[in-house]
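Asks: Chain by chain, the residues run as shown.
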Amino acid sequence: MALTALICDDSLLARNQMKKSLPAEFDADIVTAANGVEALAVLRNQEIGVVFLDLTMPELDGVGVLEAIKAEKMDVFVIVVSADIQPEMQKRVMELGALAFIQKPVNTDKLSAVMRQYGLI
Amino acid sequence: MTELSFTEEQRDCLQELINVAMGLASDKLARFLNTFVHLQVPAIGLVNAAEIPEQFRGQYQGPHSSMISLGFFGNGGLRGETILLYQLENAGKIATLLGYDDDATSEAEMLTDISSILTTTFLNGLAEQLDNSFSYAAPRVISSRDSDFIGKLEQTAFHWQLALKVDIRYELTDYSFDCNMILLIPGEAVLKLKTILDNVLAEF
Amino acid sequence: MNIDWLSGPLLQQLNSGVILLNRQLQIVYINPYICRRADIQLESVQGTDLFTVFADAPKAWLSRKLHSVLSLQSPAFSSWEQRQYLFKLPHLRPVSSANQYMAQNCSMLPLTEPGSGEQYVCLLIEDATDAYVYQSQLQQSNLQLQQVNRLDGLTGVFNRNYWQQQLEVEVQRASRYQHSLSLLFFDLDKFKRLNDDYGHQAGDIVLIEVTKLISSLLRETDLFGRYGGEEFAIILPDTPQEGAMEVAKRICRRVAATPVIYQQQQLKTSVSVGVSEFSAVSTADELIQQADLALYQAKRNGRNQVIAYYPELLESLKKVKA
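Chains as they are written, first to last, in this note's numbering: chain X, 1 to 121; chain Z, 1 to 204; chain R, 1 to 322.
Mixed in with the good hints there might be a few duds.
[Stated by the list, open to error] Listed below are the simulated DSBU-like cross-link pairs for lysine-lysine, each with C-alpha atoms no more than 30 Å apart in a straight line:
1. Z:K28 x X:K91
2. Z:K28 x Z:K194
3. X:K20 x Z:K192
4. X:K110 x X:K70
5. R:K268 x R:K212
6. Z:K28 x R:K59
7. X:K19 x X:K70
8. R:K190 x R:K249
9. Z:K93 x R:K192
10. X:K20 x X:K70
11. R:K318 x R:K212
12. R:K268 x R:K249
13. Z:K93 x X:K91
14. X:K20 x Z:K28
15. X:K19 x Z:K192
16. X:K70 x X:K91
17. Z:K165 x Z:K192
18. R:K192 x R:K249
19. R:K190 x R:K299
20. X:K20 x Z:K194
21. R:K192 x R:K88
22. Z:K93 x Z:K165
23. X:K91 x X:K19
24. X:K110 x Z:K165
25. X:K19 x Z:K93
26. X:K91 x X:K110
27. R:K192 x R:K318
28. R:K299 x R:K249
29. R:K299 x R:K212
30. X:K19 x Z:K28
The set of hints was computed from the structure by calculation and includes no laboratory data.
Put together the whole structure using the sequences plus the hints.
Replies: Okay, structure coming up:
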């Protein structure tokens, strides 16, 4: 069964860019969410293998999503994709259980390398 | 008037591109200045050009502030001007920040130096994402006490009705130094920007 | 059309300077514009550190700037308005310009060689001497104009308008830094009579000579202004009342002892002086009013004397008005 990946970003452009940046060999269904609340709704209702998570979002931000995932012990890989590269922020999301931190604009090679490292491709 | 408004997609696109450009800029600046630069998510909006002089008068012009202007030009008719605003009590901090230890550097020069660094790193990041490249004019000090500047703004406001205005706040944590950048893209160039944004959107 | 041939002759004939540096800030190329003006040969400076060739250039500042261009890959600028020149180069107005070196605008651009990916900084240097000369002339005329606007045409002391502005400044300064500050108001005794007896020309000469004499008794920092007609005012910064009284008495004595010579005649003059002292709660207007009241009292007491303000003067004024 193919994996389902969730792309969560408040920007439509960013969601589309993310879709396009995914390596061709990544065999997955893609679902999207425009904020943290939508993302948690998706995560609670269906089996998601990996989340590509933006940080700065309305309603509920990426940190809030990570906290909920941790609190609810959801079994999901989280790769943070953000323009905000503050070292404290990177540290915080890693502590909250994110696998990797990728800076926008997404470098496809770097993304592939990270996904390969965690066996996603 | 109507053709100057952004569609929801265009606005979203611009906001994202600006956010990413800010991220790129703060990364570069952090490495160059050895301190973290926090850029706050900016307010983006089309403003009535006639209101801009009044906004500057009210919001930005104070007895202790300095303004530095820097113009830029890109491909496809994209052009604009950034105005950086500083509080004068920050001037001493800028010297430390830039690593200037010679006394020969005047305050005006420090302000123009830091302004071109802050502005061009951000605009280069924006240009990169737009598949564009910008050329820049040398920064100029506009004295805050120069009421002439508001006069000039009032005059230019006649040439275009609307302008895109982006307010970005820079905060440098280690130096407790901050400033504001106001990016203004005048009417005609906003139309060009819309075309450019449509091209970006068509790619994705 | 292939235009690769263009860059060679352009660089040769360009009316701006071009200096190309590698990451170590060593000279890779300098165009003839700079070579001729600096009297150097390209071959002999290639590979040499920029600051060895241009030893007078502001090294600490410029190298920091050039490194910003390389590390941020964004341009930097230097304008003659902030820094007249980076490199000591002669300009082409040796006769009509007083300054020795070419005023310069400089753009510093990041460049990458397409093949190797090697990074360089390119300095483009433009001659801004003409702009510099015009600007200096303009500034000088503005300065002169400003001076003229501040002075009283007849006596050359500050005019009332400027003097009052300065009083505001000094009052603010005194209250902020808790400095003392005093004010003298004086006028020439029986000046109207002098005008009637000897003519206005004589009156003018007396005003000129008396202000000249008083100016010579003041410090550089004192602000002497003509308040109107034959009435004058002096701001004495950092001076408490006792000091101000001394100055006032000296003025009084010297004026009375120094007759003005007009058409072989000795014109005897004297002044009456009112003194007021700034206190934390006073405003510029109050300070003027108090000095004026003291002056009025000095006149009533028989002229040619100094009176310091005391609160009862204000009461007596109220009585007069009532």
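Asks: With reference to the structure, classify each hint as holding or not holding.
Replies: Results for each hint:
The hinted pair formed by K28 of chain Z and K91 of chain X meets the criterion: a straight-line CA distance of about 19 Å does not exceed 30 Å. Straight-line distance between C-alpha atoms of K28 of chain Z and K194 of chain Z comes to about 28 Å, which keeps the hinted pair within the 30 Å bound. With a C-alpha separation of about 26 Å, the suggested pair K20 of chain X and K192 of chain Z falls inside the 30 Å cut-off, and the hint holds. Restraint check: the Cα-Cα separation between K110 of chain X and K70 of chain X comes to about 26 Å, which is no more than 30 Å; the hinted pair holds.
Proposed proximity of K268 of chain R and K212 of chain R is supported: the alpha carbons are some 16 Å apart, at most 30 Å. For the hint pairing K28 of chain Z with K59 of chain R, the CA-to-CA distance comes to about 24 Å; that is within 30 Å, so the pair holds. Annotation: proposed proximity of K19 of chain X to K70 of chain X holds, straight-line Cα distance about 25 Å (limit 30 Å). Taking the CA atoms of K190 of chain R and K249 of chain R, the gap is about 19 Å. The hint holds against a cut of 30 Å.
Proximity of K93 of chain Z to K192 of chain R is assessed by CA-CA distance (about 60 Å); at most 30 Å being required, the pair is judged violated. Distance restraint check for K20 of chain X and K70 of chain X: the Cα-Cα separation of roughly 28 Å lies within the 30 Å cut-off, and the hinted pair is therefore satisfied. The straight-line distance between the Cα atoms of K318 of chain R and K212 of chain R is roughly 36 Å, outside the 30 Å bound, and the hint therefore fails. Straight-line distance between C-alpha atoms of K268 of chain R and K249 of chain R comes to about 17 Å, which keeps the hinted pair within the 30 Å bound.
Between K93 of chain Z and K91 of chain X, the direct Cα distance comes to roughly 28 Å. Compliance with the 30 Å bound is thereby established for this hinted pair. Between the alpha carbons of K20 of chain X and K28 of chain Z the distance comes to roughly 26 Å, so the proposed pair stays at or under 30 Å and holds. This hinted pair checks out: K19 of chain X and K192 of chain Z have alpha carbons roughly 27 Å apart, not beyond 30 Å. Restraint check: the Cα-Cα separation between K70 of chain X and K91 of chain X comes to about 16 Å, which is no more than 30 Å; the hinted pair holds.
A hinted pair counts as satisfied when its Cα atoms are at most 30 Å apart, and K165 of chain Z with K192 of chain Z qualifies at roughly 15 Å. Taking the CA atoms of K192 of chain R and K249 of chain R, the gap is near 23 Å; set against the 30 Å cutoff, the hint holds. As the CA atoms of K190 of chain R and K299 of chain R are separated by approximately 10 Å, the hinted pair is consistent with the 30 Å bound. The straight-line distance between the Cα atoms of K20 of chain X and K194 of chain Z is roughly 22 Å, inside the 30 Å bound, and the hint therefore holds.
A threshold of 30 Å between alpha carbons decides the hint, and for K192 of chain R with K88 of chain R the separation of about 63 Å lies outside it, so the pair is violated. Restraint check: the Cα-Cα separation between K93 of chain Z and K165 of chain Z comes to about 28 Å, which is no more than 30 Å; the hinted pair holds. Under the criterion of a C-alpha separation no larger than 30 Å, the hint pairing K91 of chain X with K19 of chain X is consistent with the structure, at around 26 Å. For a cut-off of 30 Å, the pair hint linking K110 of chain X to K165 of chain Z is broken: about 34 Å separates their Cα positions.
Between K19 of chain X and K93 of chain Z the CA atoms are separated by roughly 44 Å; this puts the pair beyond 30 Å, and the hint is violated. Under the criterion of a C-alpha separation no larger than 30 Å, the hint pairing K91 of chain X with K110 of chain X is consistent with the structure, at around 19 Å. As the CA atoms of K192 of chain R and K318 of chain R are separated by approximately 27 Å, the hinted pair is consistent with the 30 Å bound. Between K299 of chain R and K249 of chain R the CA atoms are separated by roughly 15 Å; this keeps the pair inside 30 Å, and the hint holds.
As the CA atoms of K299 of chain R and K212 of chain R are separated by approximately 23 Å, the hinted pair is consistent with the 30 Å bound. Distance check on the hinted pair: K19 of chain X and K28 of chain Z sit about 27 Å apart at the alpha-carbon level, within 30 Å; holds.
The earlier numbered hints that this structure contradicts are 9, 11, 21, 24 and 25.
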